[in-house]
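**Q** Each chain is listed here by its residues.
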Amino acid sequence: MNKETLIKQGGIWVFILVELAFFSIAGEFLSVTDVAFMDYGNMLLLLKQSAPIGIIALGMTIVMINGNIDLSVGATFALAAIVLLDSMTWPFMQALGDWAIPLAWLFALLTGTVLGAINGLIVWKTGVDAFIVTLGAMLGYRGLVFMYNGEQPTSHLNWTLVDFAEAQFLGLHTATWFLLGAALVLWLVMTRTVHGRNAYAIGNNREAAVNAGIRVGPHFLWNFMLIGFLAALSAVVFYSESGSVNPNDGMLYELWAITAVVLGGTKLTGGYGSIISTLGGVIAIQLLRKGLGHIGADTETVNLVIGLILIAVLFLDRQLNRRGKEELKT
Amino acid sequence: MKLTFGAVLATTTAISGAAFAASHSDTMTIGITQNNVGVDSYQTTYEQAFIAAAEANDMVETVVLDAGGDVARQIAQMEDLIQQEVDAIIIWPTNGEAVIPAVRKASQAGIPVIVTNSNIAEQGFDFVASFSGPDNITQGSRSAEIMCDRFKDLGIDGEARVVQISGQPGYTTAIERAQGFEERLPEVCPDVTLVETQPGDWNREKSQQVMEAFLVKYDDIDGVYSGDDNMGVGALNAAKAAGRAGDITFVGATNFAVGYEAMAAGDYWGSIYQSPVDDAEAALQTAIDVLNGEEVPFLNYFDTPKITQDNMDEFTKPVF
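Keeping their order, the protein sequence lines are chains Y and X. Note that the first sequence covers residues 1373 to 1702 in the working numbering. Note that the second sequence covers residues 11 to 330 in the working numbering.
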């Protein structure tokens, strides 16, 4: 059993190593550039580019450990981004000068948390499956995005903000710090707190958790607020550097986040998963995107390859579980 | 895990081997990040033409990337191209403002950036070597000339009345195509009046409704100018339904397949031919010229000729 846990949790990191080796070797022959794939600068970029989907995927891990899912994160991401950029153009905010920046962040994070709370409350109070609730929210929140500014992009380019977002502290980009910081906090929450242990308990056996006195409804509410907050945090980190939102930005982010989580070994049925492995899943996806670009393959093949790997991972997971059960019988 | 690795290796090698067979040498390396290749046939044809043009040139190696319409992915691709130390970057912006910081990064790294097809916002002009694309003002003014020449042939250039259906408000493309037409028309046909302009939002159904309203409001309409053929065909349908299509000259500012078909059927008079192949070749050539140190105008337009029922057999049907 111990060996299996090792295979499950270590698999994604082995996979990352294989990707690195493959793209390094293939890059020598196929790439037009003389810069090595494993170049230090390129690896720093890898972490930075993993941040937008990565921060969301961390929250998705906890929601999925609960046995729930959140499909509305992409729309939440876009709406928080609009609030971030548009709020900086409001007259009273402009009067504040650069002090408007932290306030705009606050507004955006608040937007995400409130949207998450709406999902959580509906799941708690109606008992409708989270899949359906957040599917509705995905459409509804996206509708709000389009109502805000029609088909037009919402823009506000602030160079102070861009300079902050592009900064590198101890070599790591601003976005990387946010990704690693969020991962550390959530890892502590999931491994060192009652809330974290309850999340696993509820995902494993909801009825037993209720009988054990865990208040499942409020627990869900907190987690949906958390993922809403993280979707907004992801938007804050990303749009600080780009200054303009298309109304369809963030579409399919929910699926990329879920893909990263599943690659990291978290069970769709809940009760099992790890923050650190999700981080591995996110890096594996970004590595694939980067690597295929590096060796000159068509960018669209990324989707095909990730699809194949995803199926392989689920197949492997099932094989391991089945073997585990057979061992129990004997 | 063996299964997983096998799948990845097999797939990636097969694909990369097919897609890239160029060798390393002292050539110029040009990276391109496109907007969204699969989304329409203009962009698909553009990519094919770009790759073909690059392969035909021994001096050029290319890294062809597609952002899939995702701004985050496009910015990441810009960063990757900078990291790979390419000699020049061509970008088809997914969002004319969001990519400005990434373009600035490239320019700070000493890599010239060429914007293709749709320009980025003015705040980013300092960081761009050149823009290669169609000139919407010229397209508008040439449409005015097509319209005027037709009125002269029909002998109604002394009293003709024209309505305009413009693109989506706020879009530079829409504004410039309207501007070019409105400035040129009085110069070539001073006695023709533009009676009213309404937006059709690039949408065929919307412009059909706009045209229906025009037909009720005005008893005498001799010409309809629209921002592209898609909207022009919407207007044509409205006029047909009202039985007045025969009296009206329809001219668009960009030829679409629907417009080409309507021209072949004799319902639609003319438009402006904008070819994705010319667009792609112009972008690559601009990048090469910039790298060779040649003087390149900041706004480097490629030619978009007039197409009417008279000369349409010189052009193939647009792919979009």
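These aren't lab readings, by the way, just hints derived from the structure by calculation. Any given hint might turn out to be false.
[Unchecked claim] Some chain X residues close to chain Y (C-beta under 10 angstroms, calculated; not the full set):
hint, residue
1, I92
2, A131
3, L301
No experiment lies behind these values; they were computed from the predicted model shown. For every residue, glycine included, the Cβ atom is placed at its ideal position computed from N, Cα and C.
**Q** Evaluate each hint against the coordinates.
**A** Consistency of the hints with the structure:
no.: 1; hint: I92; result: 9 angstroms, holds
no.: 2; hint: A131; result: 8 angstroms, holds
no.: 3; hint: L301; result: 14 angstroms, violated
Of the numbered hints stated above, the single one contradicted by the structure is hint 3.
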